[in-house]
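Chemist: If you want the building blocks of each chain, they are given just below.
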Amino acid sequence: DSGVTQTPKHLITATGQRVTLRCSPRSGDLSVYWYQQSLDQGLQFLIQYYNGEERAKGNILERFSAQQFPDLHSELNLSSLELGDSALYFCASSGTGGGQPQHFGDGTRLSIL
Amino acid sequence: DAKTTQPTSMDCAEGRAANLPCNHSTISGNEYVYWYRQIHSQGPQYIIHGLKNNETNEMASLIITEDRKSSTLILPHATLRDTAVYYCIVRGIYGGATNKLIFGTGTLLAVQP
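Those sequence lines, one after another, are chains C and U.
Heads up: the first sequence at position 77 corresponds to 77 in this note's numbering, and the numbers run straight through without jumps.
Heads up: the second sequence at position 68 corresponds to 1068 in this note's numbering, and the numbers run straight through without jumps.
Treat the hints as calculated values from the structure; they're not laboratory data.
Keep in mind that the hints are not guaranteed to be accurate.
[Claimed, not checked] Reference listing, derived: stretches of chain C covered by chain U, where coverage requires no fewer than 3 residues with Cβ under 8 angstroms from a Cβ of chain U:
(1) 43-54
(2) 96-102
[Claimed, not checked] A few chain C residues that don't get close to chain U, going by computed Cβ distances all over 10 angstroms:
(3) THR7
(4) THR20
(5) SER27
(6) ASP29
(7) ASP40
(8) GLN67
(9) ASN77
(10) SER80
(11) ALA92
(12) GLY107
[As the list claims (entries may be wrong)] Partial list, computed: chain U residues near chain C (C-beta under 10 angstroms):
(13) MET1010
(14) GLY1043
(15) GLN1045
(16) LYS1100
If you're wondering where the values come from, they're calculated on a predicted model, not measured in any experiment.
Idealized CB from N, CA, C, for every residue including glycine.
Just need the whole structure built from these sequences, with the hints factored in.
Modeler: Given below as structure tokens:
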């Protein structure tokens, strides 16, 4: 158990809809990261938050947004969903200090019908 | 972040040591080597990381060559549950965009009974 909790585990929805994925980081971790894993792209970094502030952005679509709340949990919002958004979405968290490893949750499997 | 090269796949007999190599010839002085594994669409699991000294924990050992251009992850007594894709990742230790993990295609380790 990594200590990172993601909900829901599975999500099935239709094209054009909007969903919210939730992540609770390990106790004490201030950094949260979101990654997407699709069959053709592998694991791709989307975005990082540190103590409520956006820290780094990867190849995140404009239809996607995220935020980190004062209690440090994070949400990834995906809107105007397309078939190609079907993927596993992972959240990771890490502590401060150089070299701290990221610990991943079990992911949310998003299926767009 | 430096690029890594790993074999696509490897086999190992159950109970034997599994030695997974990784080349990172362009690694810079402030970059760590991290190892993760992913078992069948579960979240990536952190295994170990190191800067220049060899490291050991309850899961594995990490051997880094003196010039730091390559490393080997050693699972001392592989079991069937160690069958997974193993990722070797080089990452800088400073904040900002360098905190993201860049996953390659990894090595599929198949432990045979």
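Chemist: Now, for every hint given, state plainly whether the structure supports it.
Modeler: Evaluated hints:
| no. | hint | verdict |
| --- | --- | --- |
| 1 | 43-54 | holds (count 5) |
| 2 | 96-102 | holds (count 4) |
| 3 | THR7 | 13 angstroms, holds |
| 4 | THR20 | 19 angstroms, holds |
| 5 | SER27 | 16 angstroms, holds |
| 6 | ASP29 | 12 angstroms, holds |
| 7 | ASP40 | 12 angstroms, holds |
| 8 | GLN67 | 18 angstroms, holds |
| 9 | ASN77 | 20 angstroms, holds |
| 10 | SER80 | 25 angstroms, holds |
| 11 | ALA92 | 8 angstroms, violated |
| 12 | GLY107 | 5 angstroms, violated |
| 13 | MET1010 | 19 angstroms, violated |
| 14 | GLY1043 | 4 angstroms, holds |
| 15 | GLN1045 | 7 angstroms, holds |
| 16 | LYS1100 | 4 angstroms, holds |
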